[in-house]
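Asks: Listed here are the chains, written in short residue letters.
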Amino acid sequence: MATTYDHPMKQAEDEIPGSVSVVAVECVRKAFASHKVLDGVSLTVDRGETLAVLGRSGTGKSVLLRLIVGLETPDSGTIRIHGRDIAGLALDRMGEIRKKMGFLFQHAALYDSLTIAENVAFPLEHHRRDMSRAERGDRVAALLAEVGLEHGFHKMPSEISGGMQKRVGLARALALEPEILLLDEPTAGLDPIGSREIDDLILKLQHERQMASIVVTHDMHSARTIANRLALLNEGCVIAEGAFEDLQQSEIGFVKEFLKQS
Amino acid sequence: MSDLERTPAAETASRTRIQPDLPMASALGAVGNLANEFLEWFGNLGLFAWQVLRAAVTPPFEWRELVRQLDEVGSKSLPLVAMAGAAIGVVVSLEARYSLSRFGAKSMFPTTLVYSVIQVMGPIITGLVVSGRVGAGMGAELASMKVTEQIDAIEASAINPYRLLAATRILACILMLPLLTLATDACGLLTGWFAQALVEPLSFHQFISSGFSGAAFNAFLPQTFKTAVYGLIIGLIACFEGMGARGGAAGVGRAATNSVVLASLFLILADVVLVKFILVCFS
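Chains as they are written, first to last, in the working numbering: chain A, 18 to 279; chain B, -1 to 281.
The set of hints was computed from the structure by calculation and includes no laboratory data. Backbone N, C-alpha and C fix where the C-beta goes; we use that ideal spot for every residue, glycine too. Check each hint, because a few of them may be wrong.
[Claimed, not checked] One-sided and incomplete, this derived list gives chain A residues near chain B with beta-carbon spacing under 8 Å:
#1 Val86
#2 Leu88
#3 Leu108
#4 Asp109
#5 Arg115
#6 Lys116
#7 Phe120
#8 Phe122
#9 His124
#10 Tyr128
#11 Phe139
#12 Pro140
#13 His143
#14 His144
[Said to hold, decoys possible] For each label pair, taking beta carbons as the anchor points, the in silico distance ranges come out as:
#15 Thr255(B) / Arg150(A): 37 to 43 Å
#16 His99(A) / Thr56(B): 23 to 29 Å
#17 Gly30(B) / Ser93(A): 30 to 36 Å
#18 Val259(B) / His224(A): 53 to 59 Å
#19 Ala107(A) / Pro21(B): 48 to 54 Å
#20 Ala159(A) / Leu45(B): 40 to 46 Å
#21 His99(A) / Leu45(B): 27 to 33 Å
#22 His99(A) / Val259(B): 43 to 49 Å
#23 Gly179(A) / Gly245(B): 18 to 24 Å
#24 Lys274(B) / Asp56(A): 53 to 59 Å
#25 Asn31(B) / Thr95(A): 33 to 39 Å
#26 His224(A) / Val65(B): 41 to 47 Å
[What the hints assert, rightly or not] Facing chain B, according to a computed beta carbon distance under 10 Å, are these residues of chain A, among others:
#27 Arg83
#28 Met111
#29 Gly112
#30 Glu113
#31 Lys117
#32 Met118
#33 Gly119
#34 Gln123
#35 Asp129
#36 Ser130
#37 Glu142
#38 Arg146
#39 Gly186
#40 Arg189
Go ahead and model the full structure; you've got the sequences and the hints to work with.
Replies: Structure below.
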């Protein structure tokens, strides 16, 4: 049954009282100057679950991810990671929480002065100083193989395609064995075949690693493939949340229109 | 005629009363806005500096990145500052010879050249050259990383970007500027002597003995080490402008330009203060 919210604070019917979700966003508001981007967003994600956040361009989907990873601070509301409120945490304290997260940026955000292998090794060099150089090299090779890259590790990011950059970005996001995976438009800018390959990869990783994942996308096909639940953002609020089949039963006009156009 | 109606003369008078105030008001407003912007920029720079200082003194330290930056700032600036030093050595030599000849004080040439290069020209020229090369490069590199979300990616990977990117660069500038200044001075003295020796025979040993005779270390060392402050200014402003860039390619260009212009300006202003400080403390 789809859970549709009349008000952002309405609690989901199936939420277990007292349970601590891996990621819990509660009534978060965020504005840039006078432009309100998020106006009371609430959602939760549990271990092993993938939530797809959909909405029109400019509705704050990417801002939501940036708030969860702490790159932005909410104006009000709370964001809890394993029950701990992260809003306003100092940089070094936030670092301990970020080690449990992997973030794939929309354009991969690879370090353009480093090779593919060096990009993936970057978090390991800083956080796994107990690993020897050989161990790190093996781990990098394993991560790149996991995302379907078997060779060309010495290439620079500018020398590889957009799809390969996304794969490298994904491998880098997985380097520290995260419990939470945040994906910002993972299929944006890719051809249909490339998009399906990334979807299959995310599905495979999710099945193997059982992370709590939040995927921001406006690709409905991708969302249906990889997500257990979908949350639809409009005018700064989550106006519908649930499985795709449940959303199809929604009577809310915007939801019907969005699903029809997708 | 009712109170609500105005005579044509009164109407003109009221218009002429209002109009002369507008240019004055807008000029004052513009100055006020400029002052506001400057104070805001300065405040943000102070906050940034505090973040960097906190990051710099807490482990884990980024030694490898520091070494890389020492090479980038030091070794790669060396040919440029050496050339600049060589050029000013010749210029000062030519000008000094001409001026001293007019006043019958040619024997003062070695001392004049040594003091001019080491106390005045060497430090400021080194600072301005490095500000142009390193400031622009750093500002552009960090701005490019900012607009392509690479700095966000560093932060999302639980790595402190102030420690990794800013602290290492600023420390490299602080450490390398005095050394680069020594290189500028050395090249300046060498070419200055050479330019003089072409006209009047003067051995290098004679030149050095004469130039440094009676000079104590504190005549030259403070002027050389004050360039560490130049390094702080160049590194801090370049990192601040770069890491705060926004607006795509235009933002990168702005950051690079601002890094050079503002660093050069503050460097010159700092020189005024530092010269006075050195004269008071070391004379």
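Asks: Tell me if the interface restraint on Arg83(A) is satisfied: Cβ within less than 10 Å of some Cβ in chain B.
Replies: 8 Å, holds
Asks: Within 27 to 33 Å or not, the Cβ separation of His99(A) and Leu45(B)?
Replies: This hint holds: roughly 30 Å between Cβ atoms.
Asks: Holds or violated: is the Cβ of Ser130(A) closer than 10 Å to a Cβ in chain B?
Replies: Cβ of Ser130(A) sits 8 Å from chain B, so the hint holds.
Asks: Verify the CB-CB distance for Gly179(A) and Gly245(B) against the hinted window 18 to 24 Å.
Replies: Taking Cβ atoms as reference, Gly179(A) and Gly245(B) lie about 23 Å apart, which means the hint holds.
Asks: Lying within 43 to 49 Å: is that true of the beta-carbon distance His99(A) to Val259(B)?
Replies: 47 Å, holds
Asks: Taking the closest Cβ pair, is Glu142(A) under 10 Å from chain B?
Replies: Holds - the Cβ of Glu142(A) comes within 10 Å of chain B, reaching about 9 Å at its closest.
Asks: Regarding the hint that Arg146(A) lies at the interface with chain B, is the smallest CB-CB distance below 10 Å?
Replies: Hint holds; Arg146(A) Cβ to chain B Cβ min 8 Å, cut 10 Å.
Asks: Is 41 to 47 Å a correct range for the gap between the Cβ atoms of His224(A) and Val65(B)?
Replies: 43 Å, holds
Asks: Holds or violated: is there a CB of chain B closer than 8 Å to the CB of His124(A)?
Replies: Nearest chain B Cβ about 7 Å off; hint holds.
Asks: Does Asp129(A) hold up as a contact with chain B if the rule is Cβ-Cβ below 10 Å?
Replies: 7 Å, holds
Asks: Verify the interface restraint on Pro140(A): the C-beta must sit less than 8 Å from at least one C-beta of chain B.
Replies: 5 Å, holds
Asks: Is the shortest C-beta separation between His143(A) and chain B less than 8 Å?
Replies: 5 Å, holds
In this structure, every one of the numbered hints holds.
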